[in-house]
Amino acid sequence: MRIAWYGFRRHSAYRAAALAGAFTNTVFGILRAYVLIALWEARPGLAGYDVADAVTFCFLSQAFIGPMQLFGGGVQLAERVRTGDVAVDLLRPASLQTWNLADDLGRAGYLFLLRSVPPTLVGAALFGIVTPAEPATWAFFAASFVLGVVVSFGWRYLVALSSFWIVDDRGTQSLSMVMSMFFSGMVLPLNLFPGWLGTAAQSLPWAAMVQVPADVYLGKKDVLEALGFQALWAAALLALGALATRAARRKVVVQGG
Amino acid sequence: MIEVDRVGRSFTVGRGRARRTVHAVRELSFTVGAGEFVGYLGPNGAGKSTTIKMLTGILAPTSGRLEVAGLDPTHRRTALARRIGVVFGQRTTLWWDLPLRDSFELVRHLYKVDRDDFRSRLAELAELLDLGGFLHTPVRQLSLGQRMRGDITAALLHDPSVLILDEPTIGLDVVSKAAMREFLRRLNAERGTTVLLTTHDLGDIEKLCRRIMLIDRGRLGFDGTLDDLRATAPGGDSLEDVVARLYTGEREPAPGG
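Chain order of the listed sequences is S and H. The opening position of the first sequence corresponds to residue 1232 in the numbering used here, with each subsequent residue numbered one higher. The opening position of the second sequence corresponds to residue 16 in the numbering used here, with each subsequent residue numbered one higher.
Any given hint might turn out to be false.
Said to hold, decoys possible - Covered stretches of chain H (in silico footprint by chain S; criterion: 3 or more residues with CB under 8 Å from a CB of chain S, positions within the stretch not fixed):
| no. | stretch |
| --- | --- |
| 1 | 65-75 |
| 2 | 186-199 |
| 3 | 209-223 |
As the list claims (entries may be wrong) - Taking lysine to any residue and the SDA-like style, the derived pairs with C-alpha atoms no more than 25 Å apart in a straight line are:
| no. | chain 1 | residue 1 | chain 2 | residue 2 |
| --- | --- | --- | --- | --- |
| 4 | H | Lys-127 | S | Leu-1270 |
| 5 | H | Lys-192 | S | Gln-1433 |
| 6 | S | Lys-1451 | S | Val-1377 |
| 7 | H | Lys-127 | S | Arg-1240 |
| 8 | H | Lys-127 | S | Ala-1273 |
| 9 | H | Lys-222 | H | Arg-260 |
| 10 | H | Lys-127 | S | Thr-1329 |
| 11 | H | Lys-127 | S | Pro-1366 |
| 12 | H | Lys-127 | S | Glu-1365 |
| 13 | H | Lys-192 | S | Ala-1325 |
| 14 | H | Lys-222 | H | Lys-127 |
| 15 | H | Lys-127 | S | Lys-1451 |
| 16 | H | Lys-127 | S | Arg-1233 |
| 17 | H | Lys-222 | H | Asp-238 |
| 18 | H | Lys-222 | H | Asp-87 |
| 19 | S | Lys-1451 | S | Glu-1365 |
| 20 | H | Lys-222 | H | Ala-204 |
| 21 | H | Lys-222 | H | Leu-202 |
| 22 | H | Lys-127 | S | Pro-1324 |
| 23 | H | Lys-222 | S | Ser-1326 |
| 24 | H | Lys-127 | S | Gln-1328 |
| 25 | H | Lys-192 | S | Lys-1451 |
| 26 | H | Lys-127 | S | Asp-1281 |
| 27 | H | Lys-192 | S | Glu-1365 |
| 28 | H | Lys-192 | S | Val-1319 |
| 29 | H | Lys-127 | H | Lys-192 |
| 30 | H | Lys-222 | S | Phe-1239 |
| 31 | H | Lys-192 | H | Pro-249 |
| 32 | H | Lys-192 | H | Leu-254 |
What the hints contain is simulated information worked out from the structure, not anything from laboratory work. Backbone N, C-alpha and C fix where the C-beta goes; we use that ideal spot for every residue, glycine too.
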């Protein structure tokens, strides 16, 4: 859609920030890779990964940070609610959520090029990573990646909407960041989590942002189950977002004169 | 064009014991016919912005019934958006990071304006509002006067039958103000566009509005022509004094009383 393309262009105004992000993601990718290599050399075959899988997982998760916006934010909506600029967004002949989703997809597309591709290439050059042989796996991974962005958006949109009710969203933002980091598989692959914690983590929406697309790439998961899981969370979060948007127009103050 | 029937809007503010209900607008009723040019006045906090937010469908009223351009704003927000144009003087609907021309192009897609109509209308507006010099400048580099002209253009590209303006001349210099007023006067006279204008600038009112409505503490305090308004005060008072007296609720004692 046209708005996504403009989202892409809007973000391309901030190339320096994206490049700085890419650099950081790469450096941290290298650090994490060494930690994971040490772990997997001590415990080979842990969680069904070998060393190469673990390193690949590490660089994939670094690549997801930008597009999936794992550190939170990305949706300007929270800021616009706080300043009252959301009034202008509500004047448009478009749903607030669809509008923001399109913009976010454009953002993710731009950040994919600048913040996902370079760290992954550096990781491949330095450590060597697993590359799927089947073209079908690449196609499934692409679908899983896009679904991951949509789930991530669905979640961040809800967090941003919370500022309609609680005025200052810094609390929810930092809570969201911790949850996203931990339960997405960003800190450690979720299949390392023991027992019920592992089961819970694998069924929460954050798993759809890192663990699931990475496993689709590595061929560790049944593809249909994985995509279905992501699609289900995407639908659930977007539906919740639509309800919350409706409620916001009835219940709350749109700030500013 | 605009029908407001016993509309009320209250907000609950504060928490716990400090919780109370604020009635921003109560039992407000008025109608605006096609082709009218109405000034909507009131002191700060009187309920002007709340009224405008309800008329545009941004906020749902807590009681009463509204109709704008034949639609119920609360339930038909996006359909209504295609029929009305709105400018908030203190906010912008333009895309900050994109050239002005690209914002218009996006508006065209959002409002599904036919390409030829768009081209001729933009050419006409660019001529009338003298946009030629900065059509390709990113919005963030525009001066306030230029941005405001851009915002008015964006609000008119889909040829709305109703134009709602919230302080469109705020912060503009004398020359820009005069140009803006002349433009609005012609728009109303030549195209028959219905205009509802809120402002604190009485010059706007004197030059443009054939009818004035004054809202105070959420209720309509005055509705009539400029001459009617002047007649509420004994001869000689400036328009400023007349309005100030109405704002502070001071009325002349009834003759003979």
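So, going through the hints one by one against the coordinates:
Remark: the stretch 65-75 of chain H is confirmed as covered by chain S, as 6 of its residues place a Cβ nearer than 8 Å to a Cβ of that chain, reaching the required three. Restraint check on the stretch 186-199 of chain H versus chain S: 0 residues with Cβ-Cβ distances below 8 Å, three needed, restraint violated. Restraint check on the stretch 209-223 of chain H versus chain S: 0 residues with Cβ-Cβ distances below 8 Å, three needed, restraint violated. Between Lys-127(H) and Leu-1270(S), the direct Cα distance comes to roughly 57 Å. Violation of the 25 Å bound is thereby established for this hinted pair.
For the suggested pair Lys-192(H) and Gln-1433(S), the alpha carbons sit about 60 Å apart, so the restraint of at most 25 Å is broken. Taken as a hint, the Lys-1451(S) and Val-1377(S) pair is honoured in the structure, with Cα atoms around 19 Å apart against an allowance of 25 Å. Between Lys-127(H) and Arg-1240(S) the CA atoms are separated by roughly 21 Å; this keeps the pair inside 25 Å, and the hint holds. For the proposed pair Lys-127(H) and Ala-1273(S), the alpha carbon gap of about 61 Å is over 25 Å, so the pair is violated.
Restraint check for Lys-222(H) and Arg-260(H): satisfied, since their Cα atoms lie roughly 21 Å apart, inside the 25 Å limit. Between Lys-127(H) and Thr-1329(S), the direct Cα distance comes to roughly 16 Å. Compliance with the 25 Å bound is thereby established for this hinted pair. Simply put, Lys-127(H) and Pro-1366(S) have alpha-carbon atoms about 39 Å apart, too far for the 25 Å limit, and the pair is violated. Of the supplied pair hints, the one linking Lys-127(H) and Glu-1365(S) is violated, its CA atoms being roughly 42 Å apart against a limit of 25 Å.
A C-alpha spacing of about 32 Å is found between Lys-192(H) and Ala-1325(S), which places the hinted pair above 25 Å, so the restraint is violated. As the CA atoms of Lys-222(H) and Lys-127(H) are separated by approximately 34 Å, the hinted pair breaks the 25 Å bound. Taken as a hint, the Lys-127(H) and Lys-1451(S) pair is broken in the structure, with Cα atoms around 45 Å apart against an allowance of 25 Å. Between Lys-127(H) and Arg-1233(S) the CA atoms are separated by roughly 12 Å; this keeps the pair inside 25 Å, and the hint holds.
Simply put, Lys-222(H) and Asp-238(H) have alpha-carbon atoms about 17 Å apart, close enough for the 25 Å limit, and the pair holds. Among the hinted pairs, Lys-222(H) with Asp-87(H) is inconsistent with the structure: their alpha-carbon atoms are about 31 Å apart, more than 25 Å. Taken as a hint, the Lys-1451(S) and Glu-1365(S) pair is honoured in the structure, with Cα atoms around 14 Å apart against an allowance of 25 Å. Among the hinted pairs, Lys-222(H) with Ala-204(H) is consistent with the structure: their alpha-carbon atoms are about 13 Å apart, no more than 25 Å.
Annotation: proposed proximity of Lys-222(H) to Leu-202(H) holds, straight-line Cα distance about 14 Å (limit 25 Å). Proximity of Lys-127(H) to Pro-1324(S) is assessed by CA-CA distance (about 10 Å); at most 25 Å being required, the pair is judged to hold. Of the pairs offered as hints, the one joining Lys-222(H) and Ser-1326(S) is violated, with about 38 Å between alpha carbons and a cut-off of 25 Å exceeded. Proximity of Lys-127(H) to Gln-1328(S) is assessed by CA-CA distance (about 19 Å); at most 25 Å being required, the pair is judged to hold.
The straight-line distance between the Cα atoms of Lys-192(H) and Lys-1451(S) is roughly 66 Å, outside the 25 Å bound, and the hint therefore fails. The hinted pair formed by Lys-127(H) and Asp-1281(S) fails the criterion: a straight-line CA distance of about 54 Å is larger than 25 Å. Restraint check for Lys-192(H) and Glu-1365(S): the C-alpha separation of about 65 Å exceeds 25 Å, so the hint is violated. Proposed proximity of Lys-192(H) and Val-1319(S) is supported: the alpha carbons are some 23 Å apart, at most 25 Å.
Between Lys-127(H) and Lys-192(H) the CA atoms are separated by roughly 31 Å; this puts the pair beyond 25 Å, and the hint is violated. Distance check on the hinted pair: Lys-222(H) and Phe-1239(S) sit about 44 Å apart at the alpha-carbon level, beyond 25 Å; violated. For the hint pairing Lys-192(H) with Pro-249(H), the CA-to-CA distance comes to about 30 Å; that exceeds 25 Å, so the pair is violated. With a C-alpha separation of about 19 Å, the suggested pair Lys-192(H) and Leu-254(H) falls inside the 25 Å cut-off, and the hint holds.
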